[in-house]
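Q: These are the residues of each chain, in order.
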Amino acid sequence: MAFNEETVANVANLARLNLTDEQKQKFAGEVDGILNWVEQLQEVNVDGIEPLISVTEQTEAIRADVVTDGNIQADLMKNAPESAHGFYVVPKMVE
Amino acid sequence: MTDLINLHISEAADLLAKKEISSVELTQAHLSEMEKGCVLNAFITETPERAMADAEASDKRRANGESFGALDGIPIANKDLYCTKDVRTTAASKILSKFVPTYESTVTQNLKDAGTVMLGKVNTDQFAMGGSTRTSYFGESKNPWTDANGEYTLTPGGSSGGSAAAVAAGLCMGATGSDTGGSIRQPASFCGITGIKPTYGRCSRWGIVAFASSLDQAGPMARSVKDCAIMLETMAGYDKKDSTSVNTPVPNYVSALTGDIRGKKIGIPKEYRMDGMNEDVAKVWDKGIQLLKDAGAEIVDISMPHTKYALPVYYIIACAEASSNLSRYDGVRYTTRVEGATLDDMYKNTRTDGFGDEVIRRILLGTFVLSAGFYDAYYTRAQRVRRLIAEDFKKAFETVDAILAPAAPTPALSFADMANMDPVSTYLGDVFTTPSSLAGVPSLALPVGMSSGGLPIGLQIIGKHFDENTVFQVADVMEKSAGFNLMPHRVKG
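Protein chains in written order, with the numbering used here: chain A, 25 to 119; chain B, 1043 to 1535.
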């Protein structure tokens, strides 16, 4: 399949990236090259093969549903570019 | 007086225990070597004051008879992917260039609790994406092994290239690395040092900046197999803060170094002997096979038919996971924000400004393979082929105890050569390391020979899940019989 500049624009929007026309052209060519190369996986017979999600073959550990990481609000806010009254501040979303 | 820069961790530990040297002396020697070695650009952040404080505390403990053990007072460096409390952690990126964590990663905490001295944070490819350190926002690190003209023009490999360069040049005694598709083993091979990617789940990933969560694994890099064994014993262990860390006891790795591998079955996978293989690499591999044979191991030819699919599977899975993991950098929580009229504009401006080209390329690929309409054709198929690759290993380990293979397809490349390569060509550098990453099995790379151009070449020893002991045992025998001269030319002052 061709990964063209239109596809790049769509994917970049999904990934919340702003690309210039020049970047779109560059990345379209490069990602298209990578996709052509991974195309070789189509020749593998994967009938009846379950996807491998975890190599450790263990089930996820269950823990009690209690707060274990509380009272570190100041720590959490320390790297926020903008905060006020213990909250993250973002551009206005609702008119 | 002992040359403190050439010592292995195990040797320094003995001298410290006998009080023949102090941690302060050892640390000062490395700090001054770091100054001389700044041409290598191995460090992103140096922490000399912290190092001296750590060293003084270690000496005090020892004077009081309260030493924490073999690593107490040993100067190390941490890959700048490990969150270190109150010490800037950048992942070699612009977007995290001002990030100062308020917490410590489990692995670096384990090393801290063992009394190690932190010299600083070392360079990596941006978000560990790359095999050269070229993608670092802070510039590339140089391999301390020079080219034919004696110049520093070669890549140390990557992503743990800063770790490898610093260890090889004697700027630190050991370093943490991390390995997603070969990021410990390939730079170890390029710089002539030893590094192990343990079994997935052996070390906690908590507090390590995430790249591809089903593959990322922490590991040590040092100048001997024994030093890696000492470090891994401390770094490894179950951690309830990482739900994929495995609750199984960490054995005493050093006691696995028995020197006796008679009767061990070592597999040589025929699919790794590729057409047009680099002659120097092929020769060193043959040398490694002979060394193990001479030591009494039984060499067994094996077949791992899905080997050639590992690279494309790896790039689909790693990029998919990366695109998801890196969505957290949104201009809200991690220090860097580029304003925009709307929330979406702010996200886009921040992320586009903060990520380098390689990161953007992988996010685009990852987002695409996870997007509606393409998910099954790319992502699910890759996960299916991943199972076939893991089964190749499972089957091989029914007949052999370990596998011997090259660590990288070439010796260290020059930055000039790499500049002309397209993305797919650079990805081929991971050809020998991605299969074991996808299977989650442990793999250690150690230097075994030299290229005709005088550069180190490493081999990897791959073991069964959670059988690092056999890997260390075989590697130790190979290290002793290979007689590799471990240090490059000392960095010129």
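These are computed hints drawn from the structure, not numbers from a lab. From a predicted model like this one, the values you see are computed outputs, not experimental measurements. Check the hints yourself; a few may be wrong.
Mimicking DSBU-like on lysine-lysine, the simulated pairs with C-alpha atoms at most 35 Å apart in a straight line are [claimed, not checked]:
hint: 1; chain 1: B; residue 1: K1329; chain 2: A; residue 2: K48
hint: 2; chain 1: B; residue 1: K1522; chain 2: A; residue 2: K102
hint: 3; chain 1: B; residue 1: K1306; chain 2: A; residue 2: K48
hint: 4; chain 1: B; residue 1: K1329; chain 2: B; residue 2: K1312
hint: 5; chain 1: A; residue 1: K102; chain 2: B; residue 2: K1312
hint: 6; chain 1: B; residue 1: K1306; chain 2: B; residue 2: K1102
hint: 7; chain 1: B; residue 1: K1306; chain 2: B; residue 2: K1437
hint: 8; chain 1: B; residue 1: K1140; chain 2: B; residue 2: K1127
Not close to chain A: a few residues of chain B, all C-beta gaps over 10 Å, as computed [claimed, not checked]:
hint: 9; residue: I1063
hint: 10; residue: E1321
hint: 11; residue: D1387
hint: 12; residue: T1452
hint: 13; residue: V1466
hint: 14; residue: M1492
hint: 15; residue: G1495
hint: 16; residue: A1524
Heads up, the beta-carbon is just placed ideally off N, CA and C, and yes, glycines get one too.
Q: Could you work out which of the previously given hints the structure breaks and list their numbers from low to high?
A: 1, 2, 3, 5, 6, 11, 13
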